[in-house]
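Chains as they are written, first to last, in our numbering: chain A, 11 to 233; chain B, 986 to 1559; chain C, 22 to 100; chain D, 22 to 100.
None of these hints come from the bench; they were simulated from the model.
Please note that the accuracy of each hint is not assured.
[To be verified] A few chain C positions that, by computed beta-carbon distances, are all more than 10 Å from chain A: (1) Met22; (2) Val24; (3) Lys25; (4) Lys48; (5) Tyr51; (6) Lys61; (7) Glu74; (8) Lys76; (9) Glu77; (10) Ala78; (11) Glu80; (12) Lys85; (13) Ile92; (14) Tyr97; (15) Glu98; (16) Ile99.
[Claimed, not checked] Stretches of chain A that chain B covers, calculated by requiring three or more beta carbons in the stretch to come under 8 Å of a beta carbon on chain B: (17) 119-126; (18) 197-210.
The beta carbon of each residue, even a glycine, is placed where N, CA and C say it ideally should be.
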Amino acid sequence: MKFGVIVFPASNCDLDSYYAIKDMMGEKVDYIWHEEEKIEEYDGIIIPGGFSYGDYLRCGAVAQFSKVMEAVKAHAEKGKLVIGICNGFQILTEAGLLPGALVRNKNLKFICGTAQLNVENNDTAFTNKLTEGETLRIPVAHGEGNYVAQDEVLQKLKNNRQIVLTYRDNKNGSMEDIAGIVNEQGNVLGMMPHPERACDPILGNTDGRKIFESMIAYLKGGR
Amino acid sequence: MNLYEELGLKKEEYERVVELLGREPNELELNMYGVMWSEHCSYKHSRALFKHFPTTGKRVLQGPGENAGIIDIGDNMAVAMKIESHNHPSAVEPYQGAATGVGGIIRDIFAMGARPVALLNSLRFGELENSERVQYLLDGVVEGISGYGNCMGIPTVGGETFFNKSYEGNPLVNAMCVGVIEHDKIHRASAKGVGNPVMYIGASTGRDGVGGASFASVELTEESEEKRSAVQVGDPFMEKLLLEASLELLDTDAIVGIQDLGAAGLTSAVCETATRGEGGMDVDISRIPRRESDMHPIEVMISESQERMLLIVRKGQEETVNRIVGKWGLHSKVIGKVTDDGRLRVRDGEEVLADMPAESLDSSGAPKYYKDYQEPKHMKESRCEDLTGIPQPKDLNQTFMELLRAPNIASKEWIYNQYDHMVRTSTVIKPGSDAAVIRIRGTEKGIALTTDCNSRLCYLNPREGSKIAVAEAARNLVAAGAKPAAITDGLNFGSPEKPERFYEFRESVLGLSEACRELDTPVISGNVSFYNETDKAAIYPTPIVGMVGVLEDVRKHMTLDFKEEGNVIMLLGE
Amino acid sequence: MKVKVYVTLKDSISDPQGTAIQGALTKKGYEGVESVRIGKLIELELSDRPEAEAKEAVEEMCEKLLANTVIEKYTYEIL
Amino acid sequence: MKVKVYVTLKDSISDPQGTAIQGALTKKGYEGVESVRIGKLIELELSDRPEAEAKEAVEEMCEKLLANTVIEKYTYEIL
Ligand SMILES: Nc1ncnc2c1ncn2[C@@H]1O[C@H](COP(=O)(O)OP(=O)(O)O)[C@@H](O)[C@H]1O
Chain A
11 MKFGVIVFPA
21 SNCDLDSYYA
31 IKDMMGEKVD
41 YIWHEEEKIE
51 EYDGIIIPGG
61 FSYGDYLRCG
71 AVAQFSKVME
81 AVKAHAEKGK
91 LVIGICNGFQ
101 ILTEAGLLPG
111 ALVRNKNLKF
121 ICGTAQLNVE
131 NNDTAFTNKL
141 TEGETLRIPV
151 AHGEGNYVAQ
161 DEVLQKLKNN
171 RQIVLTYRDN
181 KNGSMEDIAG
191 IVNEQGNVLG
201 MMPHPERACD
211 PILGNTDGRK
221 IFESMIAYLK
231 GGR
Chain B
986 MNLYEELGLK
996 KEEYERVVEL
1006 LGREPNELEL
1016 NMYGVMWSEH
1026 CSYKHSRALF
1036 KHFPTTGKRV
1046 LQGPGENAGI
1056 IDIGDNMAVA
1066 MKIESHNHPS
1076 AVEPYQGAAT
1086 GVGGIIRDIF
1096 AMGARPVALL
1106 NSLRFGELEN
1116 SERVQYLLDG
1126 VVEGISGYGN
1136 CMGIPTVGGE
1146 TFFNKSYEGN
1156 PLVNAMCVGV
1166 IEHDKIHRAS
1176 AKGVGNPVMY
1186 IGASTGRDGV
1196 GGASFASVEL
1206 TEESEEKRSA
1216 VQVGDPFMEK
1226 LLLEASLELL
1236 DTDAIVGIQD
1246 LGAAGLTSAV
1256 CETATRGEGG
1266 MDVDISRIPR
1276 RESDMHPIEV
1286 MISESQERML
1296 LIVRKGQEET
1306 VNRIVGKWGL
1316 HSKVIGKVTD
1326 DGRLRVRDGE
1336 EVLADMPAES
1346 LDSSGAPKYY
1356 KDYQEPKHMK
1366 ESRCEDLTGI
1376 PQPKDLNQTF
1386 MELLRAPNIA
1396 SKEWIYNQYD
1406 HMVRTSTVIK
1416 PGSDAAVIRI
1426 RGTEKGIALT
1436 TDCNSRLCYL
1446 NPREGSKIAV
1456 AEAARNLVAA
1466 GAKPAAITDG
1476 LNFGSPEKPE
1486 RFYEFRESVL
1496 GLSEACRELD
1506 TPVISGNVSF
1516 YNETDKAAIY
1526 PTPIVGMVGV
1536 LEDVRKHMTL
1546 DFKEEGNVIM
1556 LLGE
Chain C
22 MKVKVYVTLK
32 DSISDPQGTA
42 IQGALTKKGY
52 EGVESVRIGK
62 LIELELSDRP
72 EAEAKEAVEE
82 MCEKLLANTV
92 IEKYTYEIL
Chain D
22 MKVKVYVTLK
32 DSISDPQGTA
42 IQGALTKKGY
52 EGVESVRIGK
62 LIELELSDRP
72 EAEAKEAVEE
82 MCEKLLANTV
92 IEKYTYEIL
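Make a model of the complete structure from these sequences and hints.
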């Protein structure tokens, strides 16, 4: 099993994701440069946080043009796992791999802190090690994490149980308190909070591990 | 007014230029002297006092004199740090002023070859209550720091924010950056190796920062007057590319020297690298990438456009540079070469536009003053003040609540929660404690960081206040479980040409020196910002102490919160 | 040739920034500011080309990058 | 009444956003995109009033809040 962490020119949580997988989860992981076209060897792709191409105009807007995103689309179509964290979530929506959009936090400020998340669906490749209704404490750090979508889209997300994580205390203004959603097939997750920042015990919080443990269990189970 | 006066030079200084050159300078040359001999670049009013600072110690690998100071923390690892002010730009345009301040200090750190791992900032504003202006400045500065630092992926882990009337017209924005480096990777800003090419990477050169007191030229038309701008706009994306490209370049053996383009732009960068290296340099400004086509050579040479670096490259390795820089989407350009004739030559193609002894521009040529000083009147008055007449508060509960509500005491969480303080997953103690702690990956160690200065005490007694600032910083580090190791100092004062202000500066330097010697925390880098005053008043003397300490075992850090019911509370000290 | 692209939020999408500015204006004493919406103005300088070609290029750029059509709409003028 | 305010950076101020977007468009294969500058479009809905009054109010709002006149300039239209 091997993970790949995509590196855009101004990714900056690439290193955090890399160390979380390698040192904390003990799995194989490589960095993948944004101009890479071949990513077949990876089972799980992590699109990390940061500011991709500066995030000018809109977060994640330019990243959808990169060569590697073509490969990520193909990877996702094959049903393989993709997790987009923070900027990664923004990129996935801009690239059309997840519905909706992320706009500026309702208080118009960057928010850094720790969010309490509700686990809404534990029957996914990313949450199978969690129990429904469980609370996760996961760091957040974003200026544009306010999830918006048209009513029909929201309805569909609810009906299909695609809303996986919600905020207990919704600070950014997301519709339906959405913190993380999966695509219809359930193999692509986008979430604003940073599970990779909550893996190392020295940092005082290891709640994020369960997300990666779920992915690893899913991949091992070969489902 | 004479041209030299418009450029901020005094008559004696102009005469000195003529003497050093052996002729009258031309306009470009005079402009270059003007910026290099400005207070900001030459430290002409402060240099004479630096000899008091303790600058050596068993940990010190690089003291003052380079882009940043460096200390050894063991395990072949070292820590680079420096503080820098961006006060006046932030007063004009708070967002961009603060953002470019952060950008500048980050470049100083990676120019040493170090990976920036933490940012801190020390802010001073006028009274917050009932002042829309102060609120606007504060919001803008905090957003600027957040906008730039967050995008760079460098956690902002600490700082301080104080409000006091003396900063009303002249806020202070000091930014500090800390980097980590392996011993053998340390790079210096020197142009070694005759014939080595000098290369330029990063943003193209515009008219940014061409303005202010040090710029004037009769040749420039009114139209260009309008085009020039003192406001620099930060581009953190470009800086991130520069950072990654520079660190990757410094991992090869292609780079002999590296210098960021900061104050006084190209002029300062070529001059400093030349004098620290073989002594001379020859640059062709027709090769400088420009944002606008009709720029005057003076504008090109003194522009302070952000996000640019100068590289001295081993001859024949230009392609290595092009390849790595290209990978990060940047362009590189050879703009000149290293010489050993001691001359700084600026050409436009074949035509020589300026030709002067490189050293004459730098601190060895620049004037050095030791101004008169005199104790401020208010100090005597306050010493005689009778404190016994101050009544006890009637309602202690209410007073307590009022104190907690005062902006200077109230929690600053709303500020530091706008900064990403967790990125790089190494922030072991987050903002909100006495000092921040960062673990050093690959070792068991950690470093603790803090900035401190109570300027009210420095106003009452600059020498004692400065000692207290050092002591407070040290206590903060100790409270986090670290052993204090070194400081970087951000010295913010009024005009050194006024005896009372120079007294404050001098006393502060002496106080800092004494305390640093006592605590064995040498001064490894710093910055001086003078003329922080308006026609009404000068700021309180504000010598900001940025201190780093070392934790041999980062797991043994300590935070300030009460841990469990029943724990005993003790008071140490007098 | 110069092209101006105007990108605005769809009516159904709320605009906290606009609301904040409306609040600030009202607080400052400007009466009758009933709504504020913030959009983007993107000025492009394109190499000269026939108008039809320019139109096609601009529309594609808008669809692909300049606007996020999930939440935004756009108009443009070719000057 | 509707007012549209256009806020753009002064010509002397560099626009890293615009430059980055220009780079992205060019890399994506759009040729001849010579420059991109990004500004703001602010749509105000004001209670009806005589045009002269509206003008005065809008100009003051621009100077005081809508534009940062240190680095930006503005124009507006009253519709
Ligand atoms: N107050 C100070 N204490 C110690 N060193 C100082 C102080 N001020 C400046 N220096 C040192 O002088 C050198 C020049 O500083 P500075 O001009 O701020 O650098 P830059 O070239 O980045 O502007 C640096 O090495 C700096 O560390």
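Subject >> Hints the structure fails to honour >> reply: 6, 12, 13
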